[in-house]
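Colleague: Just need the whole structure built from these sequences, with the hints factored in.
Residue-level listing of the chains:
There are 2 protein chains.
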Amino acid sequence: MDAINPNFKAYQAPALPSAQSLLTALRAGDRAALSRALTLVESKSNKHRELAESLVHLALPYSGNALRIGITGVPGVGKSTFIEAFGAYITSLGKKVAVLAIDPSSTKNKGSILGDKTRMPQLAQNEKAFIRPSPSAGSLGGVAHKTREVILLCEAAGYEVVLVETVGVGQSETAVKHMVDFFVLLMLAGAGDELQGIKRGIMEMADLLLINKADGNNASNARRAMGEYKRALHLFPPNKNEWIPQVKLCSALNQNGIAEAWETATTFENQQKLKGHFAQNREQQNVYWFEEALSIVLLSAFYEDEKRHEAYRQMKEKVKEGNIEPLFAAYQLVSNLFN
Amino acid sequence: MDAINPNFKAYQAPALPSAQSLLTALRAGDRAALSRALTLVESKSNKHRELAESLVHLALPYSGNALRIGITGVPGVGKSTFIEAFGAYITSLGKKVAVLAIDPSSTKNKGSILGDKTRMPQLAQNEKAFIRPSPSAGSLGGVAHKTREVILLCEAAGYEVVLVETVGVGQSETAVKHMVDFFVLLMLAGAGDELQGIKRGIMEMADLLLINKADGNNASNARRAMGEYKRALHLFPPNKNEWIPQVKLCSALNQNGIAEAWETATTFENQQKLKGHFAQNREQQNVYWFEEALSIVLLSAFYEDEKRHEAYRQMKEKVKEGNIEPLFAAYQLVSNLFN
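Note that the protein sequences, when read in sequence, are chains A and B.
Here my numbering is used: the first residue of the first sequence is 1, the next is one more, and so on.
Here my numbering is used: the first residue of the second sequence is 1, the next is one more, and so on.
It is worth saying that the hints were derived from the structure and are not from the lab.
Covered by chain A, per the in silico footprint, the following chain B stretches (three or more residues, Cβ under 8 Å):
| # | region |
| --- | --- |
| 1 | 54–62 |
| 2 | 140–154 |
| 3 | 223–237 |
| 4 | 294–300 |
| 5 | 312–319 |
| 6 | 324–332 |
C-beta: ideal position from N, C-alpha, C; glycine also.
Modeller: Structure below.
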């Protein structure tokens with residue numbers, strides 16, 4: 001909550017010279033300008049927030065043109081190695097790729113390992129790739145909203161593919177699912193414990209299940225797992241968007257299956273655009289983030305004021321213990337707010 | 001939204017004589033009193049809402065003692081027949097069972113077929129069973145909150161098992177999942193289209209997959225499907241509550257598999273209570289509904305006033321079309337509200 005500083009004065013969006021010049025520079029391909037713009041967006045300072053809003057507003061007409069791909073999987077599954085290979089392949093096709101991350105555990109003091117350039121050394125030196133670690137914020141909501149703004153600015157800067165990495169914990173997958181077009185679940189083939197640590201519900205979110213480390217001694221294991229998951233996915237109810245989730249193998253280390261993974265993503269994109277689902281999904285996502293933002297902004301009234309926040313905490317505790325009915329509790333709390 | 005009438009005056013919960021007497025009567029087993037109490041809770045009138053809140057508040061210490069079971073499945077899967085058989089079996093064990101429903105499409109003019117007594121004729125005449133159709137309200141949120149209050153009152157009236165039926169559309173499963181202890185997905189065995197019409201994500205919510213109509217010519221089909229779903233469920237990540245979702249057969253028509261379904265529910269209950277997950281889940285649900293209610297109550301400020309509601313609608317449209325960034329849009333809207 002501390003990352004979102006609601007400005008309840010009627011907000012005018014002046015086209016500040018510095019916002020406009022930043023935009024012009026990043027649109028022209030100036031990487032340093034893009035970095036400065038993203039730092040602005042990720043900043044917690046009120047003054048920066050005003051400028052950031054202005055910048056994002058100006059950038060909006062130039063955004064939206066990338067294919068947004070979410071990538072999740074448990075720690076140890078090889079996400080960094082995969083993103084390095086995947087990103088390299090995409091740039092070899094002549095496309096610029098931005099690599100972002102959502103890590104709600106990332107704070108000012110404890111950085112995030114996601115989107116860490118040291119884990120993707122070659123990609124970090126690739127001219128056509130831009131890597132940015134997760135923003136830090138007080139809450140997942142704050143991190144998610146900032147990441148969305150980062151996506152918009154990267155798109156305005158001409159990046160045609162945006163990868164958003166997250167780990168399989170907490171609620172970050174749901175957030176990522178709501179901000180990407182195509183969602184990849186990276187997995188291992190093991191002794192039946194393939195999805196240990198993955199939150200339930202994520203399998204059904206995935207458009208592509210990618211079984212990594214399908215090499216060497218593990219190759220037959222991986223093929224077996226692929227068969228099992230294909231059969232399992234077949235039992236799921238069909239997607240409204242008519243996409244049949246795919247299961248494929250890859251070995252990021254040996255650079256196998258990388259081109260096929262990209263082809264799956266582009267096949268998805270083409271099919272979805274043909275059927276009109278692509279644009280519809282983007283619209284629904286916009287509305288989702290609007291409702292989310294509204295809740296956050298309204299609720300932040302409870303966080304501005306320490307007394308109100310304490311009242312909120314105490315009420316939540318009473319509700320948790322079952323001593324007061326939730327709806328009644330909400331009425332009481334809000335009636336205090338408005339008095 | 002029109003079903004929730006926020007009372008922003010500081011609310012005192014007086015123990016009105018009629019609320020207390022209603023509670024005393026329904027606790028004593030008076031079915032008519034319970035019906036009157038539920039009608040009060042489901043009413044849209046402001047005056048009734050005050051009395052209902054009072055009643056629910058008084059009933060709270062006497063609630064919470066039932067096993068709450070959610071039942072979903074596509075239309076045609078045989079939910080009514082199953083609930084009739086399941087309810088009859090439970091009462092044969094000497095337990096009182098309440099049968100409720102959540103149907104967001106239910107409105108004042110178009111009733112709901114869920115929880116319709118005519119579809120459960122024998123259970124409707126069973127002294128130990130109490131059937132109540134879905135409340136109607138302006139939104140799923142409204143219906144869900146009222147259903148929760150209905151559950152609390154039925155428990156105060158001594159019902160030891162509460163069944164909550166819903167159809168597999170919209171978001172009602174998520175709502176039901178958040179208000180029950182045990183979640184049953186009723187399915188058919190077919191030609192591979194078993195889950196046609198079920199929303200994605202529901203399979204991973206289920207604690208028990210029950211394949212219905214496992215009789216006659218369909219018996220081998222059903223067994224095959226059971227095997228496939230067992231294998232598929234095995235591939236899912238494990239539940240945090242350590243419960244392994246079960247897949248079983250039943251024929252509601254022939255009364256087969258009904259006792260086994262009940263045993264699965266009680267096995268679940270015992271295991272979860274032993275491990276402390278049962279109470280923890282109830283706590284989490286309470287908090288979930290508190291946060292939901294808070295959002296609803298705060299957002300309803302946008303629905304009280306027609307001008308504000310229009311501003312909200314217009315802003316939502318601009319966001320949908322991608323012409324304004326969602327967080328910025330929320331700030332603008334709220335700054336107008338507070339000015």
